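These protein sequence lines are chains V and E, in that order. If you use my numbering, the first sequence corresponds to residues 1 to 269, in order. If you use my numbering, the second sequence corresponds to residues 1001 to 1183, in order.
By construction, these hints were calculated from the structure, which means they are not laboratory data. Hints are supplied without guarantee of correctness; some may be wrong.
[Unchecked claim] In silico lysine-lysine, DSSO-like type, Cα no more than 27 angstroms apart, as pairs:
#	chain 1	residue 1	chain 2	residue 2
1	V	Lys198	V	Lys241
2	E	Lys1159	V	Lys66
3	V	Lys69	E	Lys1070
[Stated by the list, open to error] Partial list, derived from the structure: chain V residues whose beta carbon lies under 10 angstroms from chain E:
#	residue
4	Ala20
5	Glu21
6	Gly22
7	Val153
8	Ala214
9	Arg218
Predicted, not measured: the structure shown is a model, and the values here were computed from it. A virtual CB, placed ideally from N, CA and C, is assigned to each residue, including glycine.
Chain by chain, the residues run as shown.
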Amino acid sequence: MSVDPIPLAPRTVELLHRTAEGAADAAERRELDGLIAAAPGLREEVQALREAVEALDGLPLVDPPKGMKGEILRELRRRQGASATPLKASRRNLPRLRRWRFLAVAAGLLAVAASAYFLERSRATVPFGPEPAAVAGTMGARDLRSWRVLATVPARAEGPGLLLRREGDRFALEVSLPLSGQAAPRKADTLELVWDPKALECVEARPALTDLEASNRRGALQVGQGSEAGGPGRTRLFIFKRRPGFNKPHEVLLRSPGGEYLRATIPEN
Amino acid sequence: MFEEASDAAIVERCRGGDLDAFGVLIDRYQKPIFNAVIHKVWNREDAREICQQSFLKAFEHLHSFDANLKFFSWIYRIAMNESINHLQARRAWVPLDEEALLPASGADPEEASMARQRCRAVHSALAALDEKYRAVLVLCHLLQLSYREAAESLDLEEKTVKSRLFSARQLLRENLEALGHVG
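Go ahead and model the full structure; you've got the sequences and the hints to work with.
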């Protein structure tokens, strides 16, 4: 994991990206070469960005399911049989009085929605995801928010499942999982967090655990049961510290009796 | 008959209820729209349903289509709204349908296996990104849209797309590194 660099000038950033995507012309390449001569670390940046660009450009497009077009047209023909052509612009056709009434109701609803939104925002202490303060105890949200996010491993399409942050030699792992769905943990399933105890030590857990020492010996701790493991407001927070002398990347797994759920990699320094 | 016609000309025909003309628009845009959706909902069946709904909705609301927009940008916005509604209604975790996103096995099994491994890694890193970053990567890299086209689709300024793309690449690279795939 790269250390946070000194913020780069916008022009430098642009040159790095244009070079990485192969779009830089000769003058831009010369300009970047001059910058690299003054700050050789930039060469690694270009290489890293090039790798990201190549990885993205190497992704294949997925073919849509065969017959999708036919299904859409069949459905439209069925609907046409009932009602014919596309809808007319209905708002333009509203009588004047109804239109004003419609606008007044819409404005009212908008005002209510805006009030609710800003009220909610004023309560929020983190930019996204569940509020760490709800689980962090003495570690306030403000503290955790300043930690750098290394990776989010979403419970697939439903937002962060594992959120890994770092501050110095400490790593915060927030665990949240959905409560329902075909792949969600069953109510009776016990979820465990597993790691290599020789490499990492869990120094804090919120809500607090009474057997943290034993957990560190085993390299495993119980996160909770499927019914109580996740969902907004039910996030669990674990702070890990690397053991002295262990600097390789290490994985922390979240697993249930049914198998592995999610994994987060704690990177090397 | 319509294959060479502009989107605007085809839309005019569709407004008169011409389904053959609408078929041409489906041919043109079903693949990019399907790819944009599947990289948001991560499930092939859900993506199919959302795409169908999006095209049906587009046809039924063609009269509200703003001719200043590209047809792709308009239907992309419909599809993204449909995806959001779908995700909110689902409220359950559906696992990432990785197989649906992987390239078909090629002639060389070893090469195919490596390509699939690379794809898995990039999808994991993409899935871990915030939606706003993922969207620009999908539009600018996967669908090869220009900054201007991506900006229109996302209803953003071009410079915002550019800076978001730069951050997104950086974050993706960090995710790939954190997942142990580069660096």
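Okay, the hints, checked on the actual structure:
1. V:Lys198 with V:Lys241: Given pair Lys198 of chain V, Lys241 of chain V holds - Cα atoms ~11 angstroms apart, limit 27 angstroms.
2. E:Lys1159 with V:Lys66: Since the Cα atoms of Lys1159 of chain E and Lys66 of chain V sit roughly 38 angstroms apart, the hinted pair is violated (cutoff 27 angstroms).
3. V:Lys69 with E:Lys1070: holds (20 angstroms)
4. Ala20: holds (8 angstroms)
5. Glu21: Because about 9 angstroms separates Glu21 of chain V from the closest Cβ in chain E, which is inside the 10 angstroms limit, the hint holds.
6. Gly22: violated (13 angstroms)
7. Val153: Holds - the Cβ of Val153 of chain V comes within 10 angstroms of chain E, reaching about 6 angstroms at its closest.
8. Ala214: violated (29 angstroms)
9. Arg218: violated (24 angstroms)
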